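Colleague: Keeping the supplied structure of chain A fixed, place chain B upon it in accordance with the hints.
Protein chains: 2
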Amino acid sequence: MKHSSLCLILLALLPAIARADDPLPSWNDGESKSAIIEFVQRVTDESHKDFVPVPERIAVFDNDGTLWCEAPLPPQVAFVFDEVKRMAKEKPSMKNDPAVQAVLTGDAEALLADGHKGLLKVAAITHAGLTIDEFNDRVDAWLKTATHPRFKLPYNSTIYLPMLEVLEYLRANGFETWIVSGGGQDFMRVFAEETYGIVPQQIIGSHAKLEYELRDGVPTLTKTLDSIFVDDKEGKPVGIERFIGRRPIACFGNSDGDQAMLEYTTIGNPLPSFGLIVRHTDDKREYAYDSEPPSSGRLVTALKAAPERHWTVVDMAKDWNSMFPQGKPMENKAVSLKATSWQAITIKGQPTHPDVKPDLTFDEAGRVGGSTGVNRIFGPYTVDGAKISFGQLATTRRAGPPDLMQQETQFQQALGKVATYAIEDSKLKLLDADGSAIIELSANEE
Amino acid sequence: MKHSSLCLILLALLPAIARADDPLPSWNDGESKSAIIEFVQRVTDESHKDFVPVPERIAVFDNDGTLWCEAPLPPQVAFVFDEVKRMAKEKPSMKNDPAVQAVLTGDAEALLADGHKGLLKVAAITHAGLTIDEFNDRVDAWLKTATHPRFKLPYNSTIYLPMLEVLEYLRANGFETWIVSGGGQDFMRVFAEETYGIVPQQIIGSHAKLEYELRDGVPTLTKTLDSIFVDDKEGKPVGIERFIGRRPIACFGNSDGDQAMLEYTTIGNPLPSFGLIVRHTDDKREYAYDSEPPSSGRLVTALKAAPERHWTVVDMAKDWNSMFPQGKPMENKAVSLKATSWQAITIKGQPTHPDVKPDLTFDEAGRVGGSTGVNRIFGPYTVDGAKISFGQLATTRRAGPPDLMQQETQFQQALGKVATYAIEDSKLKLLDADGSAIIELSANEE
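Protein chains in written order, with this note's numbering: chain A, 7 to 452; chain B, 7 to 452.
Bound conformation, chain A alone (with noise of 0.2 Å):
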């Protein structure tokens, strides 16, 4: 008898060992994913020639295109121009600016003329003369209102699962993973924390000089548009070196703007190397475009020097199984976690403030994010079974008011206690090993 009731256990476990054993469970078997899983193993092990101390595992990744979807605009762009329609509608005088015009007009034409003129004017009305802290703010609004055209997601759910999850599982092997892109250095930074796990000294971007001052006694610092550097084709090697100061190990690009990147990274490194180009392959779950993008940099000469440089490259329609994380179907989507966001309605039986209630969202790549009234809070969690638990939480740093700063500080510590869940009528409750319910949350209606 008790024999045979482990083997029933241990066969009921199985499928769920087998996908812990997939590291990209996204990803379609095949010489792609092979290729990724043997290099990682090859350069964690200790016994290999190929081993590679933890220090020295740096992997850098594009984010345009490479981590999310840059089609039909790059996101900034479209912050860009939604940021100029917002601000003309408070000033309409902003309107007599022709930069202001094309924008408002839709004329691509007229802002990429003269050299990118135009769209260099409106990217200084949107950025430069802000402190970082209302930049920070104008950018967080935004993420959260606005909605990719076609998929009718907010930006920064339009990610790649398959790349989330080498994220994790290079992570997971004691890799730093840096982002390198040719987007705004601050702009990214408001949401790679809590869309991709990175941290904001990890990511490297393009950027202008900041300028500090004491205002009215506050440390203030400010956006300019002086000695911009592009983080851009040989501006990625070079701001490998000015961030990190050490040759990346692993490299993940997707246009001819990462191919110095790429051969930075491969050509001539005395540690074992790798390289990967996502190629855009899927018109139905994405877009399909190499040499001709809808508005973003071309893929020609990385992808002609990939044979010969032993570069990886990704078929999207083919290795990817999943695209987007909303996009993975849910299991028990009736009382599942992850169908819906939560609001704290009671912290250790105290009702919550009757205006600003702590929230959380738990998505399918492993990691929660909310709010806890005045900051907002992210990280990773696990489930198994009923027990869930919360890796090391972050928090933005906005003071509020004494009594929600006493609500985050309940939050908070009642977040540290949590052993298990149980979702009951719309409820989730959080419990502490004890068993007692220690938050309570309602499904948020939408």
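Rather than coming from a laboratory, the hints here were simulated on the basis of the structure.
A quick note: this is a predicted structure, and the numbers were derived from the prediction, not measured.
There may be inaccurate statements among the hints.
Covered by chain B, according to a simulated footprint, are these stretches of chain A (three or more residues, beta-carbon under 8 Å) [unchecked claim]:
1) 197-207
2) 215-226
3) 274-286
4) 397-404
No residue lacks a Cβ here, since even glycine has one placed at the ideal position from N, Cα and C.
Modeller: Just chain B now, with coordinates in the frame of chain A:
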């Protein structure tokens, strides 16, 4: 009997335990030491209202005068002068340049005249136009031969043991420790990992534009003097935001050049924060200067602001019982691991290369450094009785002839298996878990 034996053992262990419990043994008891420990305990205690999650635990350190000795000249200035002399010997026509002449005759006034024009000129001669690899080699070669004029120690040994302990203590408590210095970023990266345990990607310093190209098919980064960023005064908060993108919660400096980053760290920070100034008050063991430093930045306004800002002011003479790691009394010197450097004579029973032998040096701060014969190797080690273990050892990444690369691999693999050590007749044996000597080393003659 049993009972009393246990007591004896416990008693014998007591001093060791007391020492192990003190994270800052080179600090005398007093306000400065207490302030550091109290802050770290407060922000790492999950039940404390001042708890700070790990990702927010960022500490920033000035380098010159805060981590290492900056008198009578900041070491990088000594490097520039030595390099000019070396280069002028190789190319006598250089002496026609008035700035070079001023270095050779020790005419500091001429160098500093006209807005430091002469100094910038010699900095240009010694830094610009070199590839990063060439520059790193020159700094490395200089560090190996140059010595401090008073202490007769290599410059990367005139580092403050009490501050090394603070670095280690913070890292052991989940902090990232960053250098934010007016010194050259590329210059500091050559030694900071080995000297302070600070990785290149956590070093912010003054820097200029780099250029990237495939030179004869080889990825090459070249230093220029364009777009110089001076990481001093208001430049420090700017550098912090550009490289880290988070506000630090702890800041350590020693001059008015650090005042802006001390203010940025501690004024209106929604998280608990800590500021510390190292005050040079020890003419006997180091130097005493505030408003009149020999050649570096003054400490006047920051010192005046300290009480109001609640910055801890360290009195070197009073607060520190040790200065440089070499100055620490060594226990058991005759048979000490740390009293000499060690050259490998056999690896796994095979004699090492007749001309190129790997070597190791163990310092008092728990760091081992050395060479594989081709590459530098460094990282943490711990000793407990006859037991020895190495933490993650990092290496530089030069390629060498096949026989030396093979020796490097064998040396690294053998190091990974070391469990205990023994010293006999000026020979160090590193043994594996089975008690076999897998590396034998001889003490270098000095």
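Colleague: Hint by hint, note whether the structure agrees.
Modeller: Tested hints:
1. 197-207: Answer holds; 4 residues pass the 8 Å Cβ test.
2. 215-226: Result for this restraint: holds, n = 9.
3. 274-286: holds (count 4)
4. 397-404: Holds: 6 residues of the region 397-404 of chain A have a Cβ under 8 Å from chain B.
The earlier numbered hints are all upheld by this structure, with none contradicted.
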